[in-house]
Amino acid sequence: MSGFFLTLWISLAVIIAGSALGFLLGILLSYGAMPLRWLIRGYVDAVRGTPVLVLILATYYLLAIAGVNFTAIQSGLFALSIFCSAHMAEIVRGALQSIPRTQIEAGRSIGLTFPKILLYVLMPQALLQILPVWINTGAELVKASTLLSVIGVGELLLRTQETVGRNFMTLEFYALCGILFFVINFALEQLGKLAERRFAFVRRGR
Amino acid sequence: MKPLLSIRALSKSFGENRILKNVNLDVTEGEIISIIGSSGSGKTTLLRCVNLLEEFEAGEILLDGQAIGYRMEQGKRRRMRESELARQRANTGMVFQSFNLFPHLTALGNVTLGLLKVRGLDKATSRTRAMEWLARVGLESRSHHYPHELSGGQQQRVAIARALAMNPRLLLLDEITSALDPELVQEVLQTIKSLAQEGRTMMIVTHEMRFARDISDRCVFMDGGEVIEVAPAAGFFTQSKSARLKEFLRSSSL
Chain D
14 MSGFFLTLWI SLAVIIAGSA LGFLLGILLS YGAMPLRWLI RGYVDAVRGT PVLVLILATY
74 YLLAIAGVNF TAIQSGLFAL SIFCSAHMAE IVRGALQSIP RTQIEAGRSI GLTFPKILLY
134 VLMPQALLQI LPVWINTGAE LVKASTLLSV IGVGELLLRT QETVGRNFMT LEFYALCGIL
194 FFVINFALEQ LGKLAERRFA FVRRGR
Chain P
862 MKPLLSIRAL SKSFGENRIL KNVNLDVTEG EIISIIGSSG SGKTTLLRCV NLLEEFEAGE
922 ILLDGQAIGY RMEQGKRRRM RESELARQRA NTGMVFQSFN LFPHLTALGN VTLGLLKVRG
982 LDKATSRTRA MEWLARVGLE SRSHHYPHEL SGGQQQRVAI ARALAMNPRL LLLDEITSAL
1042 DPELVQEVLQ TIKSLAQEGR TMMIVTHEMR FARDISDRCV FMDGGEVIEV APAAGFFTQS
1102 KSARLKEFLR SSSL
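Line order of the protein sequences matches chains D and P.
The first sequence lines up with residues 14 to 219 when you count with our numbering.
The second sequence lines up with residues 862 to 1115 when you count with our numbering.
If you're looking for bench data, these hints aren't it; they were derived computationally from the structure.
Careful, some of the hints might be misleading.
Stated by the list, open to error - Straight-line distance between alpha carbons at most 30 Å, and here's what the computed DSS-like set of lysine-lysine pairs gives: (1) P/Lys882 - P/Lys863; (2) P/Lys882 - P/Lys937; (3) P/Lys1107 - P/Lys1054; (4) D/Lys129 - P/Lys978; (5) P/Lys1107 - P/Lys882; (6) P/Lys984 - D/Lys129.
All chains, please: the whole structure from these sequences, using the hints.
Right, dumping it as structure tokens:
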């Protein structure tokens, strides 16, 4: 059961940290200065082009070589947050760029500064598109957290394996493990649907 | 009398293409100016320069005697910072051809946004003022409708209320009836006519020649990025001096 809560905690922390960074990168990717945009584009493409497992192993071993002493959990959180941020950046960029430029002009014409346009005009519209994909990314992350077992983080899967190793009740415990993952992701999905319904009034406008 | 808006030697290019060539125009307070000309003549670009939505390479625009958009710093001409541009833009209201309402806000929300976030008014005051303007354009009863629930003409009237609620010195109208179905054009033009009677200063880019003739104090004809002719509306259409304007008026039936 400690594995279940660790999985839950890791997923939540990664979604929050990764999304926060992802939103920032996505906004800069859409409206930042040119050299900065190229830099972020490089980061996003590099991370998205790397398998999560490689990312996890790389942070675990490379950071140690670089002299940063992270525990397994810390480097796992780091790797997954990086992974999440790159995906979120791309999602946020896509959503922002689908909003016509005339919306920015309309905001400018009434005297709004760009940060205010972003906050009150662009983001509310973008959020609607981001939401379903965001939930999806969250579910992916919950599943990707199982990969942390390879660097010895005692999350749900590793704990299940250990338990099975002791009592040989293979079927029962893997089934339980599967059900628990399903519970997490089902809850996440319901949360997403709830949020979507709350914002549904905007969708009709499109 | 000192002009409210003064455009001096304004020039702008997109790459090799010169969009505006040495444009000069003064607008006095309370005056209504219509700008006509074929598409590509630079009339919309001129309005967008006044609202600082476009940058321009040479010349200056003075609003109330103050240069907007650019300032001289150590002998160099520099674009002002975003926050200054925003402050100056709030003095000119713009209504767009394609309405450009915020789709995630109600009619009321569209009008109050600038009052809340630019003027810094509190919720109750913003609401009251926004409702006054919506009533002014005849849409009091539609205040809680989202843009997609309104007709094109109603959307454009909300856009007019949104611009006017900011109490701009100058209202810029950019082909505001061009995207409307023919039967909806009149309701928008009527709204503008009633505003004209209040003495609002307006610059209107339009293809509605009859409307331009009826409402304007002066008309401006632009062609190829230049101001060709400026004249009081009465004589503009009947006693045009330049051959190009005569040609243009012939081809567009009045």
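Hint-by-hint comparison with the structure:
1. P/Lys882 - P/Lys863: 24 Å, holds
2. P/Lys882 - P/Lys937: 21 Å, holds
3. P/Lys1107 - P/Lys1054: Holds. P/Lys1107 to P/Lys1054 sits at ~26 Å (cutoff 30 Å).
4. D/Lys129 - P/Lys978: 8 Å, holds
5. P/Lys1107 - P/Lys882: 21 Å, holds
6. P/Lys984 - D/Lys129: 17 Å, holds
Checked against the numbered hints given earlier, this structure breaks none of them.
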